[in-house]
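If you read the protein sequences in the order shown, they are chains A and B. By the working numbering, the letter at position 67 of the first sequence is numbered 67, and the numbering carries on one by one without gaps. By the working numbering, the letter at position 5 of the second sequence is numbered 5, and the numbering carries on one by one without gaps.
Hints in this document: simulated from the structure, not taken from any laboratory. Watch out, some of these pointers could steer you wrong.
Simulated DEER-style distance windows between Cβ atoms [to be verified]: (1) B:R616 to A:F116: 52 to 62 Å; (2) B:D618 to A:G158: 56 to 66 Å; (3) A:F116 to B:R363: 19 to 29 Å.
A short, non-exhaustive set of chain B residues, derived as facing chain A with CB atoms under 7 Å [unchecked claim]: (4) D209; (5) R210; (6) Q211; (7) I215; (8) R429; (9) R434; (10) V437; (11) L499; (12) A502.
Note that the coordinates shown come from a computational prediction; the quantities given were computed from them, not determined experimentally. Don't be surprised by glycine CBs; every beta carbon is placed ideally from N, CA and C.
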Amino acid sequence: MNDSVLMPYNKIPQYQLATVLLVGSEGIGKHDFGKCLIKNSWFYLQVRTAITLPLPLTSDKSRPRIDYICFLIDLTSRDSLKTVEESLKHVDVRYFLGQCCFIALKVKNPEKRAIFIEQIVQLSKQYKSDVLYGSFETEEESIFLAEQILKSVEIAAGMQKNVTPMFLESTRFVGTEEEGEK
Amino acid sequence: MPTLDKDKGIADAVEYFVKEEKMKRRGNVQLSEALETLERVSKSLGISADNIIALCEVAASGRHGDDISCKLIRCLIPAKEFPDRAVMVSISYICSNIPSSKIQAMLLRLLIAVYDYIDKKETLQKLGYLLFCFIENSILTPYICHLLYLLTRKEDVRLFRVRKLLDLQTKLGPQSYLIGLLSIYKLYFPNLVSIVIPSTKKHFFPTRDRQWCSIIREVQEGNQNIETSHLKLSLELSEKLRAAETTMLQGIPPAKRRKMEPIPVVHSSRSNLTVKMSSRLIAMLEEKPIPFVQIPDIDTLLRNPDKVELPSQMGAALRSPLLQCFMSYSADPLMTCRFSYWLQDTLCDELLDSTVTPSCFPRIESILEKLIQFTEFIQEGIPAVDQILFRYLQVWNGMDFRQHMFRLITRCRLYPFSLLNENVLDPLRKLYVRTSVFIKCQITMCLTQLLRNYVVVEIHRYNQKYPDSKPSVSIFEDDIGPFEPLSTVQGLIQFVDRLNCAGLTLENNHNLLLHFTLTFSEMVSTLYTRYDLPCVYLPSRHIIRAFLTDNAMGPARLCGIINRYKENCQKLKNDLKGTESEAVRLRLKETVHSLNIVIMDLCDTLWRRKAFTHGRTDSYFNFDSTLLDGGSNDGLSLYLHQAFLPFSLLFLKETQPKEHIGHPRGIQEVRDTFMEFLQRENISEVKEFITNTITRYRLSTTTVT
């Protein structure tokens, strides 16, 4: 197993503490968003940011277990999509069972768009993870996005009774000719 | 006396100008006197029609040179009306190119300034477009554009003219007057003009002759005041009131707002926008179609339904309730096509293709609001809107226009389930699992309404279309092709079921969410009895959570739901005798089996006090006997259930003497009375359920519910 791959379960979880990792290119607004997350969080949260994966091995011992990963993509810069695609190769497959998501920013500026929406949709289908569209321009939007992420993080860290990320994934309709099951 | 003097003065002056062949420009006392008289009179009283014609002839010919001609033209302020003939004279002279450009420009400015006071505009209409040939003369271009802006009718918009204007634009740059004229062309034929017109119309034609116009207005008003009696005033007032009524019916907003809104006003090419609507006019127009702008109220509409000419911009239907009535009456495919095209273009432009900032929100919200009102009025969703919705929901951030989005989704048409899921249901699911309980409730309610719409309206619409293809009753046609509508409905029900299951777990049986979930289940439980849909879809096992809450709503409504499912199944079973295939009957049998499990569970817990000792392995309450306390069997019974305990205590308080209230367990003997008591407290579902299922009651003929 490649040492540089980020694993979800190779460390003991922190007590009552959730950790979320924000991955995105420089200048996308990770630190401000991180502050927003912490401000609006109702549980103990640690936010870590990275421009690209794999994370440096040297600080691996002091790093807690990463419960949730957010990949931030800026729709006006093709670079951000490239860095995210590169980073995706270093993530263990178990993260894609509801413990990661993509965030596409600046969707409301279609004139400056450099990435096709179809590429994002393709990415989402390929990794079976949701894409949340939003922006950090107004306070309200940031807070709304933060609350959505926080709900997912809480479940991924196991802080909600009887709910696991897979449980949420089961609401998704998969396949085309599936017989209805109860 | 002074008037006579003035008249004489005027007559002399006019005669002087007309008769003189060559004038000395300098030191000509007569000239300056005549000019002075003219100016004085024109500014105070205005000039009579005949004099205007004479002077116009003189000035336009340019006989006496540029300066004098210009001064003369400036004096041509009409006393009452600007005569037709003068218009003809001026345009003819302009077209003959005899006068210099300066005089031509001056004449055009005159025509623009007195435009409102020309009595019969037919001459101007007929001759006006001859001026188009001179549009390249750079001195004249702004004035020609302005005049043509006022004159253009639908027939005048021609491709070569559009091309010429666009060429000029590339040469001169985007001048405001060119854009002004192009905006009128775009209003009539949006397909010919593809440039973007800015929405502010204020600065198309800056008033260059403000002083002149104000003088003209003053003179006119002064003259009117002299002649007017209060009769004329009241006539004007009544005309103004009728104008206001018309505009209200057409939904035209006050003039200032009109410029910023993208929804067009009802506008017709061949309409005369004055308010002189007399019966004579109606009679005259009987042969030709009536432009929609001239229809002031619904009575006129009803009298001439086949003679109405639609406005040039169908989008105006969103603003005018009268036009909406007309649209729903005559489902003309051309009209709906135009409307759909405009709607799709506008919505795409506003929502998807342009930068959306919070300042655009009020405008977009007003369009969506009007659109929702329209769909509510015609009780139909519009396929073009569905397409836009699909695209927008993919990139929606879940926050903007949430209420409007939900309401538009409820009117979504029937599509094959995979399409519906990918485009509508998946974005909703994404939002559902990540947001607060209140948004979950809104989503559940939206999906309940969608289901209701499907079973009440859309399935019938589909059945009418295929396979017989009878003429349909819907206004907007869609072109999806044949598919299985029942499978979409089934898919939708299962999807919402899964969402509800997840939601109740996430929110720990929140009461509000439970209410909406139960409403959805109540709707699904009556699909056959109320909506004639030949299928029964039981909810998944999460429904038993409703039974275990401490809110009486939960168990009571669950009993009601199961009761209705029972009725549904019974009726379906009776009606299906022998006609259906083996698969359908097998499915029904399985459904009945599952339903029986639930019924048995409910009866055992509520009534028979055998909650955990019933010995059925497929029950919802299947626990190992070693785990249970001996006396727990009636823990979920009707009088000891945590939801009904308050009612038990109330019952005891009412029926027992104060000294020995007793224990709720004592209610066991008087269960019937307790059920009546619950019914009194508005929890009648329990009684209905028990009387329907417990054999003793069902077979008893004396029990009357």
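Next on the checklist: For each hint given before, does the structure comply? Return the numbers of the non-compliant ones in rising order.
Outcome noted: As far as the earlier hints go, 2, 4, 5, 6, 7 and 10 are violated by this structure, in ascending order.
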